[in-house]
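Participant: Sequence:
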Amino acid sequence: MWATGDMPAYQIRSPASSLPQAVVVTPSTNNLDNPPMMAEETTRKRELRLFKNREAARECRKKKKEYVKCLENRVAVLENQNKTLIEELKALKDLYCRETD
DNA sequence: CATTTGTATCGTCATGCCCG
DNA sequence: CGGGCATGACGATACAAATG
Numbered sequence: 001m002w003a004t005g006d007m008p009a010y011q012i013r014s015p016a017s018s019l020p021q022a023v024v025v026t027p028s029t030n031n032l033d034n035p036p037m038m039a040e041e042t043t044r045k046r047e048l049r050l051f052k053n054r055e056a057a058r059e060c061r062k063k064k065k066e067y068v069k070c071l072e073n074r075v076a077v078l079e080n081q082n083k084t085l086i087e088e089l090k091a092l093k094d095l096y097c098r099e100t101d
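In full-length UniProt numbering, the protein residues as written are 1 to 101.
FYI, nobody ran anything at the bench for these hints, they're computed from the structure. By construction, the Cβ of each residue, glycine as well, lies at the ideal position given by its N, Cα and C atoms. Among these hints, one or two may not hold up.
What the hints assert, rightly or not - Cβ pair distances, simulated, as ranges:
hint: 1; residue 1: K52; residue 2: E87; range: 33 to 43 Å
hint: 2; residue 1: K65; residue 2: K45; range: 47 to 57 Å
hint: 3; residue 1: R44; residue 2: E66; range: 29 to 39 Å
hint: 4; residue 1: L92; residue 2: E66; range: 53 to 63 Å
hint: 5; residue 1: T84; residue 2: C60; range: 28 to 38 Å
hint: 6; residue 1: E47; residue 2: Q81; range: 30 to 40 Å
hint: 7; residue 1: K69; residue 2: E41; range: 37 to 47 Å
hint: 8; residue 1: N80; residue 2: C60; range: 42 to 52 Å
hint: 9; residue 1: C60; residue 2: M38; range: 50 to 60 Å
hint: 10; residue 1: Y96; residue 2: R74; range: 45 to 55 Å
hint: 11; residue 1: V75; residue 2: L95; range: 22 to 32 Å
hint: 12; residue 1: K69; residue 2: A91; range: 49 to 59 Å
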């Protein structure tokens, strides 16, 4: 997982956040029917799932941030275009007025 | 300086959607 | 269908700035 086996580098924050909170024993996988695969395998699967989802969430947020940045950029571009067009229109109106009187 | 308030980031859970 | 992925929602925590 993490090369060192401890917290990932970016994780400066809470040590508590890595603790599993209120672990719910999934009822369906609850080892009554197949004793051999049990607890160990079950928790292994859970940990794998949590790990994957953690990574997925990270990726998802990164993607979303980029998307928002992109949108903000687009807004800036459009605002500039708008400004330019308004100026252009003003100039043309001006010219037109001059010509008509 | 201690407390409060606002904001960013994270991990987890629930859920919808898609693909085999 | 069932499994896996993407993502919204939520609560916890850390940190910074404001307030008294």
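Participant: Indicate, hint by hint, whether the structure satisfies it.
Facilitator: Hint check results:
no., hint, in the structure
1, K52 / E87: 33 to 43 Å, "violated (53 Å)"
2, K65 / K45: 47 to 57 Å, "violated (31 Å)"
3, R44 / E66: 29 to 39 Å, "holds (33 Å)"
4, L92 / E66: 53 to 63 Å, "violated (39 Å)"
5, T84 / C60: 28 to 38 Å, "holds (37 Å)"
6, E47 / Q81: 30 to 40 Å, "violated (51 Å)"
7, K69 / E41: 37 to 47 Å, "holds (42 Å)"
8, N80 / C60: 42 to 52 Å, "violated (31 Å)"
9, C60 / M38: 50 to 60 Å, "violated (32 Å)"
10, Y96 / R74: 45 to 55 Å, "violated (32 Å)"
11, V75 / L95: 22 to 32 Å, "holds (31 Å)"
12, K69 / A91: 49 to 59 Å, "violated (33 Å)"
Checked against the numbered hints listed earlier, the structure breaks hints 1, 2, 4, 6, 8, 9, 10 and 12; every other hint is satisfied.
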